[in-house]
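**Student:** Assemble chain B onto chain A, guided by the hints.
Residue numbers (the working numbering), protein chains in the order written: chain A, 88 to 319; chain B, 88 to 319.
Hints may contain errors.
One copy or two, either will do: identical chains are not told apart, so a pair holds if it fits within one copy or between any two.
Pairs of lysine-lysine, DSS-like flavour, derived with a Cα cap of 30 Å [what the hints assert, rightly or not]:
1. K142 x K258
2. K118 x K257
3. K91 x K258
4. K257 x K151
5. K247 x K258
6. K151 x K258
7. K229 x K247
8. K302 x K288
Note that these hints are calculated values from the structure, not bench results. What you are looking at is a predicted structure, and each value in this text was computed from that prediction instead of being measured.
Number of protein chains: 2
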Amino acid sequence: MSLKLFELVGTDPSRPFSPYCWRTRMALAHKGLSAETLPWRFTEKSAIAPHGSEKVPVLLHHHKPVVDSWAIANYLEDHFPDRPLLFGGEGGRAMARMINAFGDIAIVGGIFPLIVADIPNNLAEVDAAYFRQSREARFGGKTLEEVMANRDTGVVAFRKSLEVMRQTLKKQPFIGGAAPNYADYIVFGGFQWARVVSPFKLLENDDPVYAWREKLLDAFDGMARTSPGFAV
Amino acid sequence: MSLKLFELVGTDPSRPFSPYCWRTRMALAHKGLSAETLPWRFTEKSAIAPHGSEKVPVLLHHHKPVVDSWAIANYLEDHFPDRPLLFGGEGGRAMARMINAFGDIAIVGGIFPLIVADIPNNLAEVDAAYFRQSREARFGGKTLEEVMANRDTGVVAFRKSLEVMRQTLKKQPFIGGAAPNYADYIVFGGFQWARVVSPFKLLENDDPVYAWREKLLDAFDGMARTSPGFAV
Chain A
88 MSLKLFELVG TDPSRPFSPY CWRTRMALAH KGLSAETLPW RFTEKSAIAP HGSEKVPVLL
148 HHHKPVVDSW AIANYLEDHF PDRPLLFGGE GGRAMARMIN AFGDIAIVGG IFPLIVADIP
208 NNLAEVDAAY FRQSREARFG GKTLEEVMAN RDTGVVAFRK SLEVMRQTLK KQPFIGGAAP
268 NYADYIVFGG FQWARVVSPF KLLENDDPVY AWREKLLDAF DGMARTSPGF AV
Chain B
88 MSLKLFELVG TDPSRPFSPY CWRTRMALAH KGLSAETLPW RFTEKSAIAP HGSEKVPVLL
148 HHHKPVVDSW AIANYLEDHF PDRPLLFGGE GGRAMARMIN AFGDIAIVGG IFPLIVADIP
208 NNLAEVDAAY FRQSREARFG GKTLEEVMAN RDTGVVAFRK SLEVMRQTLK KQPFIGGAAP
268 NYADYIVFGG FQWARVVSPF KLLENDDPVY AWREKLLDAF DGMARTSPGF AV
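Chain A with its partners taken away, still in its complex shape:
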């Protein structure tokens, strides 16, 4: 089978950092699938435009493009049904939609102001300039440094926002139950993104979410832990 994955990187092509690409990386590993990685940078829009996307991840399966991490997870589930299930049935597939929204809003959205000014350090000049300009516009013209200025208090609110997850992990080892599934990878993608680009400490060591993240760093022979990042 031929699988290729466009993944967001910066100056180091072996250091993928997008939270959405990490969702896909973990999903591929869960299915026991390997994909050739195609390193992609923010300003390389022309490389993925022919595949109908402006963003990554983009998966190519026998040259057919599948765009967006959620669509890719569903594609993998439907095209490789005999391999370990990502959703654990149709109920899980539906509910994972809400966990996907939690991952986008509470996790990626919550972490963003805590690490945003660290991200350009990982990027070549042209990509750093693009990132700064596009993201500062989203924050109404604030500099990335201004957005991040209060992260020591912001992280307290972020940790509080994880209570829903914390209560879940007090009852069962993973969001997906006894073993991790795509629900876990959705959320983990955000934490791994932070780990790759920033030394900032998001979680306290005695947090059940910390213990959960440790287990996912170790999953698939330590795939996420051995990928370049900060020890957090």
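**Tutor:** Using the frame of chain A, we list chain B on its own:
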């Protein structure tokens, strides 16, 4: 089959209002099961103590007690597997744990300060006194009226906290997918609780969450809509 359900009521025994009991009511209806209702009030601890609980819902199945709405949903799924599924498979059962935490924290916890001082209006004097004393202690001695004083601004934050759900409902009709399942009932229970005890308007009419709530009010021949409550 013999099913009986202890349900929280106030002065009107035909007006059940607990968010957790409503989760169970909807779950029973989903399974096509009917249970004899056993109206129960806050101060009637002795009625359920023999069944090993201090709180409702308590389900009796051939006299065997099942305590706690989550445990009851799982019990129904396991004991009535040939009836419509509440979780849609093991993945859904696991992920519903996190939606249950969302229901407890964001929905019940979020609605509580918006309606709390309206609740005693529904209770007999002895229950109202118990409710006031126990809940005011939880809020560090604030009166229920003080807790609710800022609800006009509090409801704005509450609506914002529903964004995770709103994003989900823009993609699919129900949290459970094309049709509602227990994930929906978890969240709906909180809205129905508010509707029964308080005239306060929680949702704006153009909110996708409002449209979703309308559909659940209509479910099972309008079971929740025809149960006594306020038009909200």
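**Student:** With identical chains, the pair K247 and K258 could be close in the same copy or across copies; at 30 Å between alpha carbons, which is it: within, between, both, or neither?
**Tutor:** The answer is both: 18 Å in one copy and 27 Å across copies each meet 30 Å.
**Student:** When Cα atoms must be at most 30 Å apart, do K257 and K151 count as within-copy, between-copy, both, or neither?
**Tutor:** between (41 Å within a copy, 27 Å between copies)
**Student:** If the cutoff is 30 Å on CA atoms, where do K118 and K257 land: within, between, both or neither? Let me know, please.
**Tutor:** Answer is both: 27 Å inside a copy and 28 Å across each meet the 30 Å cutoff.
**Student:** Treating 30 Å as the Cα threshold, decide for K302 and K288: within, between, both or neither.
**Tutor:** within (17 Å within a copy, 43 Å between copies)
**Student:** Checking an output row: K91 and K258, CA cutoff 30 Å. Within, between, both or neither?
**Tutor:** between (37 Å within a copy, 27 Å between copies)
**Student:** Reference check for the pair K151 and K258, CA-CA at most 30 Å: within, between, both, or neither?
**Tutor:** Between copies only: 24 Å across chains, 41 Å inside a chain, cut-off 30 Å.
**Student:** How do K142 and K258 come out at 30 Å by Cα distance, when the copy is not named: within, between, both, or neither?
**Tutor:** between (36 Å within a copy, 20 Å between copies)
**Student:** With identical chains, the pair K229 and K247 could be close in the same copy or across copies; at 30 Å between alpha carbons, which is it: within, between, both, or neither?
**Tutor:** both (25 Å within a copy, 23 Å between copies)
The structure shown violates none of the earlier numbered hints.
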